[in-house]
Amino acid sequence: MLAQLLFGKLTLDAIPFHSPIIMGAFVFMVLIVIAVLFFITVYGKWAYIWNEWVSSVDHKKIGIMYLILSFVMFLRGISDVVLMRSQQAIAAGENLGYLPPEHYDQIFTAHGVIMIFFVAMPLMFALLNIALPLQIGARDVAYPYLNSLSFWLTFAGAMLCNASLVIGDFAATGWLSYPPLSELYYSPGVGVDYYIWSLQVAGVGTLLAGINFIATIFRMRAPGMSWMKMPVFVWSALCAMILVALAFPVLTVTLALLALDRMMGMHFFTDFAGGNVMLYINLIWIWGHPEVYILILPAFGIFSEVVATFSQKKLFGYTTMVWAIAIITFLSFVVWLHHFFTMGAGADVNSFFGIATMVIAIPTGVKVFNWLFTMYKGRIILATPMLWVIAFFTTFAIGGMTGVMMAVPPVDFQVHNSLFLVAHFHNVIIGGVLFGYFAGFIYWFPKAFGFRLHEKSGMWAFAFWVIGFYVAFMPLYVIGLDGFMRRNSHYANTLYQPYLIVAALGAALILIGIILQILQLFLSFKYRAFLRDHTGDPWNGRTLEWSIASPAPLYNFAVIPSVNSLDQLWVNKQLQIGEGKIHPNRLHYEAIHMPKNTPAGCIIAIFAGITGFALVWHMLIPGIVGLLGIIATVIAKSFITDTDYYIDAETVRRTELAHLKELAQCTVK
Amino acid sequence: MHGEVMNIDEHAIYNDATDVFGFWLYILTDCILFASLFAVFLVLNYSDMPHGPTLKHYVNLSDVFIETMLLLASNFTYCLSILNMYQKKLLKAQVWLLLTFLLGASFIFIEVSEFIHLAHEGFRWDINAHASSFFTLVGTHGLHVSIGLLWILSMIIQIPFLKASHIVMRRMTYLGLFWNFLDIVWIFVFTIVYLMGAM
Numbered sequence: 001m002l003a004q005l006l007f008g009k010l011t012l013d014a015i016p017f018h019s020p021i022i023m024g025a026f027v028f029m030v031l032i033v034i035a036v037l038f039f040i041t042v043y044g045k046w047a048y049i050w051n052e053w054v055s056s057v058d059h060k061k062i063g064i065m066y067l068i069l070s071f072v073m074f075l076r077g078i079s080d081v082v083l084m085r086s087q088q089a090i091a092a093g094e095n096l097g098y099l100p101p102e103h104y105d106q107i108f109t110a111h112g113v114i115m116i117f118f119v120a121m122p123l124m125f126a127l128l129n130i131a132l133p134l135q136i137g138a139r140d141v142a143y144p145y146l147n148s149l150s151f152w153l154t155f156a157g158a159m160l161c162n163a164s165l166v167i168g169d170f171a172a173t174g175w176l177s178y179p180p181l182s183e184l185y186y187s188p189g190v191g192v193d194y195y196i197w198s199l200q201v202a203g204v205g206t207l208l209a210g211i212n213f214i215a216t217i218f219r220m221r222a223p224g225m226s227w228m229k230m231p232v233f234v235w236s237a238l239c240a241m242i243l244v245a246l247a248f249p250v251l252t253v254t255l256a257l258l259a260l261d262r263m264m265g266m267h268f269f270t271d272f273a274g275g276n277v278m279l280y281i282n283l284i285w286i287w288g289h290p291e292v293y294i295l296i297l298p299a300f301g302i303f304s305e306v307v308a309t310f311s312q313k314k315l316f317g318y319t320t321m322v323w324a325i326a327i328i329t330f331l332s333f334v335v336w337l338h339h340f341f342t343m344g345a346g347a348d349v350n351s352f353f354g355i356a357t358m359v360i361a362i363p364t365g366v367k368v369f370n371w372l373f374t375m376y377k378g379r380i381i382l383a384t385p386m387l388w389v390i391a392f393f394t395t396f397a398i399g400g401m402t403g404v405m406m407a408v409p410p411v412d413f414q415v416h417n418s419l420f421l422v423a424h425f426h427n428v429i430i431g432g433v434l435f436g437y438f439a440g441f442i443y444w445f446p447k448a449f450g451f452r453l454h455e456k457s458g459m460w461a462f463a464f465w466v467i468g469f470y471v472a473f474m475p476l477y478v479i480g481l482d483g484f485m486r487r488n489s490h491y492a493n494t495l496y497q498p499y500l501i502v503a504a505l506g507a508a509l510i511l512i513g514i515i516l517q518i519l520q521l522f523l524s525f526k527y528r529a530f531l532r533d534h535t536g537d538p539w540n541g542r543t544l545e546w547s548i549a550s551p552a553p554l555y556n557f558a559v560i561p562s563v564n565s566l567d568q569l570w571v572n573k574q575l576q577i578g579e580g581k582i583h584p585n586r587l588h589y590e591a592i593h594m595p596k597n598t599p600a601g602c603i604i605a606i607f608a609g610i611t612g613f614a615l616v617w618h619m620l621i622p623g624i625v626g627l628l629g630i631i632a633t634v635i636a637k638s639f640i641t642d643t644d645y646y647i648d649a650e651t652v653r654r655t656e657l658a659h660l661k662e663l664a665q666c667t668v669k
Numbered sequence: 670m671h672g673e674v675m676n677i678d679e680h681a682i683y684n685d686a687t688d689v690f691g692f693w694l695y696i697l698t699d700c701i702l703f704a705s706l707f708a709v710f711l712v713l714n715y716s717d718m719p720h721g722p723t724l725k726h727y728v729n730l731s732d733v734f735i736e737t738m739l740l741l742a743s744n745f746t747y748c749l750s751i752l753n754m755y756q757k758k759l760l761k762a763q764v765w766l767l768l769t770f771l772l773g774a775s776f777i778f779i780e781v782s783e784f785i786h787l788a789h790e791g792f793r794w795d796i797n798a799h800a801s802s803f804f805t806l807v808g809t810h811g812l813h814v815s816i817g818l819l820w821i822l823s824m825i826i827q828i829p830f831l832k833a834s835h836i837v838m839r840r841m842t843y844l845g846l847f848w849n850f851l852d853i854v855w856i857f858v859f860t861i862v863y864l865m866g867a868m
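Those sequence lines, one after another, are chains A and B.
With my numbering applied, the first sequence covers 1 to 669.
With my numbering applied, the second sequence covers 670 to 868.
Treat the hints as calculated values from the structure; they're not laboratory data.
Being a predicted model, the structure only gives us computed values, none of them experimental.
Ideal placement from N, C-alpha and C gives every residue a C-beta, glycine not left out.
A hint or two may mislead.
[Stated by the list, open to error] Selected chain B positions facing chain A (Cβ under 7 Å, derived; list incomplete):
| id | residue |
| --- | --- |
| 1 | PHE690 |
| 2 | GLY691 |
| 3 | LEU694 |
| 4 | TYR695 |
| 5 | THR698 |
| 6 | ILE701 |
| 7 | LEU702 |
| 8 | SER705 |
| 9 | VAL712 |
| 10 | SER782 |
| 11 | TRP794 |
| 12 | ASN797 |
| 13 | ALA798 |
| 14 | SER801 |
| 15 | SER823 |
Turn these sequences into a full structure, and let the hints guide you.
Structural data, given as structure tokens:
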């Protein structure tokens with residue numbers, strides 16, 4: 001009885017000892033964790049990690065933690081790719097491949113969930129945290145503690161998803177877990193429950209982060225930065241975060257209803273007793289379609305920053321750029337039905353959504369032309385961020401065009417759920433979102449870490465990635481048109497096989513690209529003294545984040561800048577205001593008000609993770625402990641009034657002086 | 670470049686406005702959460718032939734009317750509490766808060782008894798989609814009210830410690846927004862679920 005209350009459905013049978021792949025991955029993970037813990041203990045860094053990172057409410061550090069989370073999960077998402085591509089390359093005709101179907105199904109589900117929720121979203125929030133407050137001249141986000149909570153909830157969600165690898169299984173339903181397959185009577189295991197609760201926990205984190213950044217952009221801009229003087233990245237972030245605030249509650253509801261179906265025997269999405277399967281599919285895409293725009297809009301913002309900086313020219317058509325983003329934001333809410341034209345909603349409904357979808361191509365086209373016109377007659381520097389942008393133009397244009405093709409309902413009936421679709425969305429998500437985030441990562445890396453990334457290895461990584469992308473996905477378009485459906489672990493017709501072998505080779509090229517990126521990180525760290533960004537402005541930037549030291553001091557801006565034009569830093573540099581910054585000894589500094597670090601965010605997230613795990617396995621006692629833990633932590637934190645402190649003016653002066661000295665030395669050189 | 674440097678008090682006020690703005694944003698997201706649940710309720714109740722029993726045969730509107738009155742009254746007592754807070758009459762504020770708590774708790778008590786009664790009569794959440802959406806929508810509102818009750822309780826305990834400080838005043842503002850918001854949601858629940866459902 002007690003064991004039932006404590007462990008619920010969980011028994012030792014849930015751990016797949018018999019599967020060598022899973023146990024291998026498990027042993028590998030455990031070894032890494034033990035190694036990390038060992039080195040932290042040996043070097044006595046526990047206090048440092050707890051005080052400076054886990055408890056940190058500093059947006060710059062939270063950004064770096066998002067980066068690390070995204071990177072680790074990326075490795076897991078990419079190992080799923082290796083498994084899937086190699087399986088499909090061999091599993092033709094007689095050969096059944098090496099992965100049983102039920103395992104293959106979990107792998108493609110995990111791949112989608114991890115890449116969207118635990119790679120792309122954290123990477124986006126990493127870049128937002130690192131760059132956005134600096135771009136608007138703020139000292140932090142609006143709610144630093146909430147920011148920490150958001151990160152740790154995302155982390156807890158990711159860990160819950162990882163736990164499913166070893167304890168129990170993950171959903172085998174595809175990344176959106178459509179019912180009735182995800183209902184209890186077709187998926188009796190805990191896979192879908194892992195799916196639901198890891199996304200619920202991470203989703204709350206995302207929603208809170210969305211609120212935080214909207215408030216930051218609305219309330220924390222430097223004096224003089226009116227709406228139409230905000231950098232385009234800030235605009236794109238604002239629109240993406242508004243989408244987060246509008247779309248994520250729908251995801252919360254949808255997953256909660258599915259959970260109620262599974263746990264309480266309710267009938268929202270069952271195919272009897274009045275349940276409505278299509279209701280789920282509508283709801284999930286009312287969240288899901290905006291979600292892809294949540295990912296791509298900040299990438300558009302990054303392209304705008306990078307193109308202007310590396311063309312050394314003002315962004316062409318700023319106003320149209322802003323309006324294009326705003327229109328895309330609106331349109332992203334009226335196209336969700338194009339994900340299921342085959343539902344049978346009727347020609348009138350399908351035409352409406354088909355046309356609405358095609359209309360999105362117009363503002364997007366405006367943006368692409370604006371970027372091209374920015375480059376026109378610019379003095380282009382082909383540094384790695386710019387390379388990614390150029391690769392984006394061609395790749396995204398192709399992905400956009402196949403998207404418009406599929407927006408035509410009769411065409412969609414042919415290619416629905418085929419590899420053509422898979423090729424299309426990878427085309428826009430890799431070619432748009434990922435290339436954009438890579439550009440942003442390289443671009444803002446010096447601001448976060450104080451040194452640039454090694455350029456040459458970055459260029460090689462770029463080459464392998466882009467070529468690998470085309471080799472991997474163009475064959476999928478071809479066989480998708482020929483009728484090869486997605487999510488097959490095996491196919492009878494061996495005529496498809498050559499294409500899938502080519503696709504696997506493409507994936508191998510991408511993998512080399514990723515290894516080169518890791519090498520790039522390693523080389524950059526090794527030569528960090530040489531690559532050091534002394535000036536704080538390594539790219540001859542245009543916006544405020546480049547006006548301060550790299551990495552940014554704890555308080556960001558010693559004196560809050562005042563803004564009276566777009567590209568304020570560029571204007572300052574043209575007017576020679578930046579040349580010979582005012583000597584700190586001649587400036588009057590004030591003490592700076594800062595939030596104190598707190599581990600509450602991490603503690604709440606740990607309890608949330610426990611609650612999620614307990615809900616997956618129907619454990620009563622741990623579930624209650626988790627919930628009470630969350631409530632107790634929130635209430636206990638509310639009694640602490642000592643939440644802020646001041647950095648005194650003298651410390652600020654000394655920090656600024658040190659930066660000025662470094663700056664002067666490098667000018668002499 | 671001369672930045673605007675604020676003194677401490679201005680900073681606190683500036684922070685307060687920002688914080689309340691953020692709370693409004695939260696309320697907005699909660700609105701969407703309830704909107705989705707209402708949409709689900711309407712889809713599952715009006716688009717199809719009803720499958721089995723519906724709320725109409727079981728509901729007791731007079732109980733629901735009492736619930737409505739209790740919640741509205743609790744809103745009034747909350748406003749009295751916050752008025753007393755403004756005048757730094759802490760004890761009075763606490764008493765009104767306690768009354769708010771009692772009214773809210775009675776609301777929850779009646780709601781839970783109603784749920785038990787319905788389930789007992791055969792209108793359980795797992796009999797059909799209609800019942801599922803009814804219990805989920807009303808239950809989500811009830812869950813929100815319960816969280817609000819917990820919050821009221823911790824404010825009653827907190828006021829003697831932190832007095833009428835900035836932080837307490839700010840929390841009272843949030844709580845007021847939250848409590849009002851739940852009232853407004855209840856008006857929709859009362860109209861759409863109970864009045865329209867009983868027709």
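Going down the list of hints, with the structure as the test:
1. PHE690: With Cβ-Cβ at 6 Å, under 7 Å, it holds.
2. GLY691: Cβ of GLY691(B) sits 4 Å from chain A, so the hint holds.
3. LEU694: holds (5 Å)
4. TYR695: holds (6 Å)
5. THR698: holds (5 Å)
6. ILE701: Interface hint status for ILE701(B): holds (4 Å vs cutoff 7 Å).
7. LEU702: Holds - the Cβ of LEU702(B) comes within 7 Å of chain A, reaching about 4 Å at its closest.
8. SER705: holds (4 Å)
9. VAL712: Result: holds, 6 Å to nearest chain A Cβ.
10. SER782: Violated: closest Cβ of chain A sits about 20 Å from SER782(B), beyond 7 Å.
11. TRP794: Hint holds; TRP794(B) Cβ to chain A Cβ min 6 Å, cut 7 Å.
12. ASN797: holds (5 Å)
13. ALA798: holds (3 Å)
14. SER801: Holds, about 4 Å.
15. SER823: holds (5 Å)
Hint check: a violation occurs at hint 10 only; the rest are consistent with the structure.
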